[in-house]
Amino acid sequence: MADLQRRLIRLARRVLPAAAIFVLLAGALVLASDAAAGSARFGRFYAGFLGASALALLVLIVVIAQRIARLLAELKRQTPGARLTRRMLLMLIALAVPPVLVVYGFALFFLNATIDNWFNVRLEQALGDALEIGRAYLDERLETAEQKSGAFAAELAVLPDAGLQGRVDAALDAQGVTQLTVFGDNGAVLATASSDPRFLNPAYPDAAVLLQVQNAGRYAAAEPVGAEEQLKLRVVLPLPGSGPGPRRLLQALYPVPDTIRPLTTEVEKASFDFQRLKFLRDSLKLTFALVLTFVLLLSALFAVLTAFGVARRLTAPIGRLATATRAVGEGRYDTPLPIAGDDELGFLLTSFNQMQHELELADARTRHGAQEVEGQRAYLKAVLERLTTGVLGLDRDGILRTANHAAETILQVPWGRYIGRHLDSARQEHPALASLIDPILKHVAEGLREWREEVVVEQGGERRVLTVRGAELASAPGDAAGVVAVFDDLTLLNRAQREAAWAEVARRLAHEVKNPLTPIQLAAERLRRRFIGRLPPEETELLDRATHTIVSQVEALKALVNAFGDYARPPQIEARPLALHALIGEVLDLYENDQRIQLTRNFASQDPALRADAGRLRQLLHNLLKNSLEAMSGERKPHIEVATREVFDNGRLWVELTIADNGPGLPAGFDERWFEPYTTSKQRGTGLGLAVAKKIVEEHGGSIRAENRAAGGAVFTVRLPCDVDSARVIAAR
Amino acid sequence: MAFFMHCWKSIVSACACILLAACAAAGDAAQLRVRSANVNQGVLTARLQWQPSDAVLDALDHGIVLDFIVDLRAYGPTRLGWRTTLARAERHIELRYFPLSRRYQLRDLDRGDTRSYAARSLLLAALEDLRLELPDAWQRSAAREFVLRIDLDRDRLPGALRLPALLRPDWRLSSGDYQWQISSAG
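These protein sequence lines are chains S and F, in that order.
Take the first sequence: its letters are residues 1200 to 1932, numbered as in my numbering.
Take the second sequence: its letters are residues 105 to 290, numbered as in my numbering.
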């Protein structure tokens, strides 16, 4: 309903102005026709028409001015379609207005020429002559009538008032008059007679007639008389007076003969019409010029207004199309165009909408693809960051494009600084990496699809064994996008392999060697018991030394095998809550009585609580103390300092146990390998003390490191995790 | 050339008329005015002053009929600021010329009275000394205040003259309202 109402309003807004203009134009034509015909039928509409036309012109001018201002503003704003509207508007005006102007000019010309042609000079002359003839005839008739009236007045002059009526009646036919009347001096009718019923009431001569009668003695004139304005010859004469008394007037109305009267009437009418038309010629031209001017202005302005509407209607879809095209160019596809119609423009708009839809779908697919790529990139980056394998990505020119976190961790190099730079720059700033970078760059230059190498990097006194694998990245068949080099740190792996190998050796030693040692020792002791004292002294002494050597070496072998056994034993710790200071105190008490060494305890204020195997920790302490004592065997005042402290690191609480000595310090080249079995600098060492200590620490989730002290000597630092629950258990005891 | 001259003159005339109309719209040229008037025993006597332009006289001599509307209104005493109209009379007076008889005629169209004059000056003098008999009701009227207005009826002009008459001041003949009062003694 509202839609229908809106449509009706829109239709009315479009139709009513045009209808009003049409009515005004039709009215103008009617009035022009009325004016040309000399009619007065529409006389009262002239002012209304003039006002309505002026108002319509004013409204049109205002509306057009408003449209022009709006168009200029749109041109200034460079609104899409404005320039096309201007061009089309000028074209439509150029097409519409000149013909209107030409028609206007020709219409005026022909109207003027036609009106002028109405007034033929010879016709005017003929009509004037005819009028003069008519006047001459009337003058002649007047003269006759005046003579006859004079004679009759003389007759009446002698009669008394009472006898006038009879004489007048008798003379009516004889005189051939329409009316005969005798007025008294006071204007009273003394006698009257009429042959025409329409002239029964005689009219007393007016002042002008009386004045003429008084001056000239008579009045004679042809006059249109009565309601029908019949032309009559009027003669007014005073009756000649015989003596003093009231003066009487004779008035006679003579008819124009019936044969002549129509002719005179026609002549008068024709001449009169001609003269009137001649007078109205300029007015008629002016009227036509005014009507045509209004028609021209209305038509021209309405044509301009219509041109505005047509241009806007034609260019509006194009303007919307331009706007939508700009929006599409900016990547927005949310401007569907309303279909203007089923013509070519409508087809164009339909096609544009379809294209826009397709572009929107393609854009959505592209965005989706980009999101997928981005997701994959993020996934790949997350994977790369979490890989323990170092990854370096290079392009074909050796420019570093990517490096993961593991690469930085393994090599301790901030690869982020070198992204976008040639890998050789990293090599120059980190010469230790030459053994890694050189083969990578060499293989990149060679363009090998896949390669593998094992390199050793000596960095910061640490030796790392890396296995490097390279592969060419292909973005498209036959197109190489770059190279990826991945490397793994085999140092820990090798160490673990070695440790596993040593564990296997230790297990076999414990199994294969330890078993025969006891029979050997027992056999040696049996030999001593049986033959000592029974053999000659020299031989007895020899046997004693030999069996003693066998027994002592077997003991040594047993100790060695037991050490290997400890190392090879699988981790079977019995962890319980324990107080570390108490445990350390128990172990150190064993060494307190040894006068050769000086022991210093420097414990933390609070006894750290651990969850650990007390026996294994005692063995750890013994191993480390024994290691320090053996290292200080040449010192005059060996000094061992045992200290503890709590540290908070990596989100949890640790206790650090340090055993420092004032010995010669760590041997040159001491590194992680020194914690492997059978690595020792001592003449009589088994090479298993530090390996077992390290094994015990790692069994408890801790770590061990060794370093030289600044004041001389070495310090071993054991870090073990504290346990809060154990602290509560210990406190409860 | 004649074509353009014709057109040019017409266009200039039309534009001039529009401008004249715009200029003359503000006020009429006082060509016609009532000098005095009186209503006595049902007869209106008015003395007018009319100085017709040459265009109007020319029109009269060329057969254009001039029709004047005489509008007479009688008012009662004003009460509470409201003036009651007691009577109103609208009379039509026609001036015309007959070329054959060379007579000018003044007609009271409502009563049919006709007076004929041999000269235009006599006709104009007769109009200036106007005397109209009013209906009988006016004789009994107790009105003390009158308003007289005389206008040329342009609607009765020939069609060709009507638009120019709207625009040219020559044809804007109107006396305006002439108001007078009579004393109760009179």
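Source of the hints: derived by calculation from the structure; they are not laboratory data.
Each residue gets a CB set at the ideal place from its N, CA and C atoms; glycine is no exception.
Don't take each hint at face value.
[Stated by the list, open to error] In silico lysine to any residue, SDA-like type, Cα no more than 20 Å apart, as pairs:
no., chain 1, residue 1, chain 2, residue 2
1, S, 1468, F, 206
2, S, 1477, F, 194
3, S, 1468, F, 260
4, S, 1477, F, 173
5, S, 1477, F, 219
6, S, 1477, F, 158
7, S, 1468, F, 198
8, S, 1468, F, 272
9, S, 1580, S, 1618
10, S, 1468, F, 203
[What the hints assert, rightly or not] Here are some of the chain F residues that sit facing chain S, going by a computed Cβ distance under 10 Å:
no., residue
11, 168
12, 207
13, 263
Against the structure, the hints:
no.: 1; hint: 1468/S / 206/F; result: holds, 13 Å
no.: 2; hint: 1477/S / 194/F; result: violated, 33 Å
no.: 3; hint: 1468/S / 260/F; result: holds, 19 Å
no.: 4; hint: 1477/S / 173/F; result: violated, 27 Å
no.: 5; hint: 1477/S / 219/F; result: violated, 27 Å
no.: 6; hint: 1477/S / 158/F; result: holds, 16 Å
no.: 7; hint: 1468/S / 198/F; result: holds, 18 Å
no.: 8; hint: 1468/S / 272/F; result: violated, 28 Å
no.: 9; hint: 1580/S / 1618/S; result: holds, 15 Å
no.: 10; hint: 1468/S / 203/F; result: holds, 9 Å
no.: 11; hint: 168; result: holds, 6 Å
no.: 12; hint: 207; result: holds, 6 Å
no.: 13; hint: 263; result: holds, 4 Å
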